[in-house]
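Chemist: What follows is the residue order along each chain.
Protein chains: 4
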Amino acid sequence: MGNSFGKLFAITSFGESHGRCVGVIIDGCPAGLPITEEDIQREVDKRKPGIGMAATKRMEEDKVEILSGIFDGRTTGAPVCLLIWNKDIDSSEYERIRFLPRPGHADYTAFMKYGGFNDFRGGGRFSGRITATFVMAGAVAKKLLALSSIEVLAYTIEIGGIRAEPKGFDEIRENVVKNPLKCADLRAAEAIAEAIEKAKEEGDSLGGMVEGVALNVPVGLGEPVFDTLDGDLAKALFAIPAVKGV
Amino acid sequence: MGNSFGKLFAITSFGESHGRCVGVIIDGCPAGLPITEEDIQREVDKRKPGIGMAATKRMEEDKVEILSGIFDGRTTGAPVCLLIWNKDIDSSEYERIRFLPRPGHADYTAFMKYGGFNDFRGGGRFSGRITATFVMAGAVAKKLLALSSIEVLAYTIEIGGIRAEPKGFDEIRENVVKNPLKCADLRAAEAIAEAIEKAKEEGDSLGGMVEGVALNVPVGLGEPVFDTLDGDLAKALFAIPAVKGV
Amino acid sequence: MGNSFGKLFAITSFGESHGRCVGVIIDGCPAGLPITEEDIQREVDKRKPGIGMAATKRMEEDKVEILSGIFDGRTTGAPVCLLIWNKDIDSSEYERIRFLPRPGHADYTAFMKYGGFNDFRGGGRFSGRITATFVMAGAVAKKLLALSSIEVLAYTIEIGGIRAEPKGFDEIRENVVKNPLKCADLRAAEAIAEAIEKAKEEGDSLGGMVEGVALNVPVGLGEPVFDTLDGDLAKALFAIPAVKGV
Amino acid sequence: MGNSFGKLFAITSFGESHGRCVGVIIDGCPAGLPITEEDIQREVDKRKPGIGMAATKRMEEDKVEILSGIFDGRTTGAPVCLLIWNKDIDSSEYERIRFLPRPGHADYTAFMKYGGFNDFRGGGRFSGRITATFVMAGAVAKKLLALSSIEVLAYTIEIGGIRAEPKGFDEIRENVVKNPLKCADLRAAEAIAEAIEKAKEEGDSLGGMVEGVALNVPVGLGEPVFDTLDGDLAKALFAIPAVKGV
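Protein chains in written order, with my numbering: chain V, 101 to 346; chain Z, 101 to 346; chain E, 101 to 346; chain F, 101 to 346.
Chain V with its partners taken away, still in its complex shape (with noise of 0.2 Å):
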């Protein structure tokens, strides 16, 4: 349950870190919408590790295939199904977290939660590789907002206590897709990745913050008391498993 998120724009997530099969049902695209495997490919690939900067070790090669939805190049107001199969896995090395709970990881609450059916493997259904089903929603979301001039950008603002210096939307809009860590600010992204990799070295890891904005959305959006626009964001972002605070 609760793999389901919006109604107009409705997802829905499937798939594990180590099963066959990462996806993502869309239902409530509109149809004509144009769209490519490429267009999904490209935010997809942004989840890809910078240099030297791996959060995890798997070197993931994703391909985004459409199974449903899109006709012609253009989605027909069917829903519409995209899925990365996973390749490569080793997952012996995980065998011995089975009984055994990595701390700041779900497997103790799933282990508990489902009887111990739960796939454990790289984390199963609670790793971090989920939200590549989210970024493929989103890709196809992007392609929607890019027909009304509403403009969406976050970025890191702030990792282990180094702060962004404040900077002119413009700026930060150049400067996060020229650093791996998607800062709006490059001095601070260079001490940020001494700091990562000091906290590396010493078996440790950092917190941080990321700013998201939204230009030229329309007045009214969401709807009171409890459909809110920053609840229903608030809820979608702790779908992701490392947000503790929005």
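Copies of the same chain are indistinguishable here, so a pair counts whether it falls within one copy or spans any two.
Each computed PhoX-like pair below joins lysine-lysine, with the alpha-carbon atoms no more than 25 Å apart:
{"id": "1", "residue 1": "LYS163", "residue 2": "LYS187"}
{"id": "2", "residue 1": "LYS213", "residue 2": "LYS243"}
{"id": "3", "residue 1": "LYS107", "residue 2": "LYS213"}
{"id": "4", "residue 1": "LYS213", "residue 2": "LYS242"}
Hints in this document: simulated from the structure, not taken from any laboratory.
Could you slot chains Z, E and F onto chain V? The hints should help.
Modeler: What follows is chains Z, E and F alone, placed relative to chain V:
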């Protein structure tokens, strides 16, 4: 929109008649349920048209694949994705229906609703083939119901005005598997088969009536006042394109 | 559970037959729609049993009150709460049905489902009186539809085996308001009235059939594959306790 | 739209600050739960502004009434409607804000979203008064949680930069009821009270931080990947207009 059904055991259907595949996601199936591709294949095979009785001429070699949610032969609590790849599809004959809607089909409605972007090949999303996704989800539900003593059976009781004689439930259960029309009464089945042949020669088809029975159902299923048992059953049944009354 | 229906124009019904009130919340009605208590009262008054035809003996003096969502004679975009206070209720005669379920009613099911805590007086939540909440919501929907050219009309076409003769829509529209049975055919209405009287003398009641027509409906209403127009209509209709088929 | 929250214990909020009432429907509360108007009144009374600390100047004499769903002192399984009539309302002073939106309020957004038809008096649907409907629903939920050993407590830990000292949970539980700011630390409470008075004199207000704790929660609450416990909590909290972060 509208491709999901259910709350606790929620299914999301996707795919098109002549696209790459038809599939279904089940979200909410409890963890630990033993299920194999064979269990699902068995139910899907029942859809195969009986000899000389083909509702549609395509020889469907429908092979079920489990894409997610099942690990070591049991459900994991994660969404279950089941899929059938479409094979040997010849869509060439459908090019002519692109702008020539067939009577009794959704061709015209789909064209208007989706501004002509719908996948028209073989009826696309409006094909009877989509019911294969219901059958796959139903196969999992059947395994789940088998844990209780609930038994569900549906059978033909009338086609083209020829009615099955009333029979005891045990006899019906046996009869249903003995004739390709799944009729409750073997003698009626023969008469109906003849009537169908005759109608076919005249370029016509016949309507009929199906009766469904659920045994050992606990008191109080369904939720008043809107999510009633009969209301939800009716809604589900109308998802089958050919159903015209409940 | 199950007391809400709809997504964009969502209604939530509450109240009991012999409790303080019956009411309904409409969430999603656009702002600016002119509506008065009289508009809603007019529809509720149509529920009043015709002379000598009372389906139930209680003389209901149902006075509609607007509790929220309407300001200066127009909807505000906030949820609309409409309410009828229950008056002059004599529940004494219902004490005997507390442990003696009536056939054809939900008394037994409700007792079992709610562990005997259900409000049994007058059928409580399972009374036909709950349909007054549907009528109030329908009255608002009707005002909304009046902004388009859509017209919805339902009428009796058969009771106790006596069928209305086929008539033109204009004639039906006139006939319906001329007879207490809302029958499409005035002559059939007379014969039916007699049959009802006769059945009543024998301590029996009669079933029948209602036909509903919607004119000027745009192509493509409803959402495949589950949220179809016929499926949602069927589900809504089964919320009326007396409806047994669609 | 958007005035309902939850699936199994679903609440629908209605009413306006200066309309006839504010109320809430609870759909899904199990039958048999003993609950009285006093139980709910007790929680609503906690909203009453402390002496000399009024967040708003109106002296609210909020009297809870049960309209449906409770019979003989227990829930019946039918939707529970709880209501507070608005009394002694002077809306005259709000006429001037009709076309003069206040900063930090939803006046402008509501005007734009609802085309000027929104009930602007006292903020209408966007008033903090709407949270009284949350409190009523919460009072029922609290009775339900009391059947298990789950305990939920929230308290102020910071206002205007003045932080509560860390305390043990038993001490916090006692402290919270001893000061009008519901602060976990009595000494911080005094300092905060002074800071509020000072800000008030300067025509300003202060932000702060509330911490919520739930004890004895079973493992595995919440549903991955979207209906997570933190995600749903965050969404619910953002329904409180003053909440800006979770």
